[in-house]
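Protein chains: 2
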Amino acid sequence: MLHLYEYAPSGNCYKIRLLLTQLGILFQRTHLDILNKETRTPEFLAKNPNGRTPLLELEPGKFLAESNAILFYLSAETQFFPVDPWERAQVMQWLFFEQYSHEPYIATLRFWISYLHKAEEFAIEIAKRKEQGYAALRVMEQHLSSRDYFVGEKYTIADISLFAYTHVAAEGDFDLSEFTHILRWIDRVKAQPNYISITD
Amino acid sequence: MLHLYEYAPSGNCYKIRLLLTQLGILFQRTHLDILNKETRTPEFLAKNPNGRTPLLELEPGKFLAESNAILFYLSAETQFFPVDPWERAQVMQWLFFEQYSHEPYIATLRFWISYLHKAEEFAIEIAKRKEQGYAALRVMEQHLSSRDYFVGEKYTIADISLFAYTHVAAEGDFDLSEFTHILRWIDRVKAQPNYISITD
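Residue numbers (numbering that gives the first Met the number 0), protein chains in the order written: chain Z, 0 to 199; chain V, 0 to 199.
If we strip away everything but chain Z, and leave its shape as in the complex, we get (with noise of 0.2 Å):
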């Protein structure tokens, strides 16, 4: 059975939950507190030199890291990763975007206020990262303007990648409420067959 190592809170590690379960493949949990860093033990960096979460353990001793990696592997051949080269190609251009433009600023401010609670101590570094998180969300918001989904009108992992923080911006002191088409895509995300939530 596939094993997935993970913090639960994080959105890189919802991901792989929510698509797993919309495959319909069942797996194994194991959760590291990295505020303990129990990511950064020997043991565990014998898994993921890179001491990351989530890291997948396909089959015993043979472990995939990288949330978006993992996404574009179990999505192959599946209705969750597109065939056609020019939509596969826009997929992985948003998987990207979330990565570098996206995660650093919308993740990492939510980590810092709402399981840190370091607000006042990291301010000066909040309202940095809060600028770039906003230019991140009007990316999306423009691009959602005359579509429902990122790529191809299909529900694809762009959409699970991008919706696994965006949904819990707030936690990161974002207000999403001016961010209409963000927010209808995100009820219909929600409306996907076999949706999971993010404490599930």
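You may find that some hints are simply not true.
Because identical chains cannot be distinguished in the list, a pair is counted as satisfied if it fits within a single copy or across any two copies.
Stated by the list, open to error - The list that follows gives simulated cross-link-like pairs (lysine-lysine, DSS-like), each with its CA atoms no further than 27 Å apart:
| hint | residue 1 | residue 2 |
| --- | --- | --- |
| 1 | Lys189 | Lys153 |
| 2 | Lys46 | Lys117 |
| 3 | Lys127 | Lys46 |
| 4 | Lys129 | Lys189 |
| 5 | Lys36 | Lys117 |
| 6 | Lys61 | Lys36 |
| 7 | Lys46 | Lys61 |
To be clear, the hints were calculated from the coordinates, so they are not data collected in a lab.
Following the hints, put chain V in place on chain Z, whose structure we already have.
Using the frame of chain Z, we list chain V on its own:
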């Protein structure tokens, strides 16, 4: 003809030039001076709402952003992207590692120090990011200690992506002299057919 919008010294843009050259594909280049905010003009934002280079125009009005998504698109069905699903997954893992754990540290320090010339002004932030950059280099060094290329013992887009900023890391004040496996890998990449340098 393919049209590459680029900030020429960027490693992210160099990745695309290197792969296109090794594929024997002709392309046009338009240089945008990011120091002059030429990627934030209304004209460029109409092409890429995220306001970044590289941007590849495949045909008039058809644009693809994100360097590693462009590598993925161009390498499909070529020797630079594996056929095996597990090797494909590993290539993607390294591409996301590059954008999340490597580029924000190694590329950013190079830009601040050698292009913005702000080593003193950004000294505190540089010290923090240098630690993270060395952590990424240690992950690469360990991986290369038992293999010649990142995935499947073949030169792939994983090598192109990681090579782009690693081989010029000294411009970000990183000392590679003790990373002997990385140095030998750099030599192997430079020896590939149709290799071009970042200043070509």
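Verification of the supplied hints:
Proximity of Lys189 to Lys153 under the C-alpha cut-off of 27 Å is restricted to the intra-copy arrangement: shortest distance 14 Å within a copy versus 41 Å between copies. With identical chains, the CA atoms of Lys46 and Lys117 are never at most 27 Å apart, being 30 Å at best within one copy and 38 Å at best between copies. With identical chains, the CA atoms of Lys127 and Lys46 are at most 27 Å apart between copies only, with a shortest distance of 26 Å across copies and 34 Å within one. In this homomeric assembly, Lys129 and Lys189 come within 27 Å of each other (Cα to Cα) only inside a single copy, at 25 Å, whereas the closest approach across copies is 40 Å.
Proximity of Lys36 to Lys117 under the C-alpha cut-off of 27 Å is restricted to the intra-copy arrangement: shortest distance 17 Å within a copy versus 33 Å between copies. In this homomeric assembly, Lys61 and Lys36 come within 27 Å of each other (Cα to Cα) only inside a single copy, at 23 Å, whereas the closest approach across copies is 45 Å. For the identical chains of this complex, Lys46 and Lys61 are intra-copy neighbours only, at 9 Å inside a copy versus 41 Å across copies, given an alpha-carbon limit of 27 Å.
Of the numbered hints listed earlier, the single one contradicted by the structure is hint 2.
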